[in-house]
Amino acid sequence: MEKEIYREKVKRASPNSPLLKNCLWAFCVGGAICLLGEALFTLYSYLGADEKLAPTLVSVTLIVLTAALTGIGVFDRIAKHAGAGTMVPITGFANSVVSPAVEFVTEGRVTGTAVRMFTIAGPVIVYGCSAASLYGLIYYCFLRG
Amino acid sequence: MKKLGKYTYIFENAPVILSGAGSVGKTEGEGPLAYEFDFINENDGIGSATWEKAEASLVRQAVTLAIDKAGLHPSEIDVAFAGDLLNQCTASTFGFRELQIPLAGLFGACSTFALALFMAALFVDGGYASHALAEASSHFCSAEKQFRMPLEYGGQRSQTAQRTVTGAGACVIGSRGSGPRIVRGSVGRITDMDVSDPANMGAAMAPAAASTIGEYLLDTKTVPEDYDLILTGDLGSVGAALLRDVLKSDYDTDLGRVYDDCGLMIFDPKKQDVHAGGSGCGCSASVFSTRILRELTAGKLRRVLFAGTGALMSPLTSLQGESIPCICHAVELTGGERR
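Residue numbers (this note's numbering), protein chains in the order written: chain H, 1 to 145; chain E, 1001 to 1339.
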């Protein structure tokens, strides 16, 4: 059989991901996480945090919560359904750091956990910082008023 | 030469499968074949500190029980052929560490068990071993760790992905005795149809299965209806459908109702969240060494073609953008006494 023909057959035989269902889950769970963030923001503001401190506290709370849920093996079960809903907010980033840290602890705290911790999040940090530097350069050269 | 046609080897002395044993994890123990397995471990850790050790424990469970069932002592096994999915055949090496059995490690990805049966039969048939052992294993957690994402990573799996089976299967093959016999076999060729998605291994492996099964039928001048069962391990639902398709267009062969796949037998896709079915060396090894062997022994199955399929990529080659080279090895078995 020709490779081209086979490629078409594979495409037809392979079921797609349930797009609508995934979108609805992502919308609801992602929205719920944002709602939780807002509630935390209101709470921290009420407790006396100023406008700069409150958002930081919200981020820290969501990261700690995700790390704890990842550690006890609950986060991946939620994320299985939620998909982008848990991946896009800061929760996805926290999970991508904590999950390899937990997985590779059997290879040692240094050679396992520390080395592998950023295998998934690393590229985000590398290209995030690169993009920020480039933006900074452009801003410095052309847009500085 | 003890060869038939282009690719088929004849085992003139028809080595006997004296015994078999299968050991699996929790999810497999909740599937439709639960009552077939010899060991169902309550958790996938199997009391071990690492997933690799857990898989080695599965290997030990299956191997020692298979030898026990054959009424033998490990020292009476002349040679063992064993393999798994992990780098450097980790689970097999560590599982056999204390057994002092001459060991030849194999790698054929999910086709390993069929290859191990072939090699064991070859050694017994040639008179190089009175008793040879074939074994293969895989573990969901150790495979995820090596090939995919950390277990606790929150991602979604593709609908075409298969779940690596936590399990091991072992068979003891002897030159004398009663039981199912291995009468012929075929070593596969690398087949690569440019499928590069590691989450769709069934589609990558189906053409390899079609090539080996198609050529086997040509060599032996048989048709699917001559067999009670043509069994692949493990194409899953996507690969199984594609195999039928490719066999039809390339070999004008209809598998009809005699075809099944170990990856479709071990889980219940409606009740269990396994997407396209099971995979991994341990899938066909544990299904063959229990259910299939029992039915062959009982005479319920009298002629079986078992074709193990393997996707031979590594995480490295996938990252380098390579497509997935696949292979399929086959052995033919006859049930009960020698015909």
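It cannot be assumed that every hint is accurate.
[Stated by the list, open to error] Per the computed footprint, the stretches of chain E lying under chain H, defined by three or more beta-carbons under 8 Å from a beta-carbon of chain H, are:
#1 1099-1107
#2 1122-1136
#3 1199-1211
#4 1238-1248
Think of the hints as simulated: they come from the structure by calculation, not from any bench.
The structure displayed is predicted, hence computed values, not measured ones.
Cβ coordinates follow ideal geometry from the N, Cα and C atoms, glycine included.
Mind listing which of the numbered hints don't hold for this structure, in increasing order?
Of the numbered hints, 1 and 2 do not hold.
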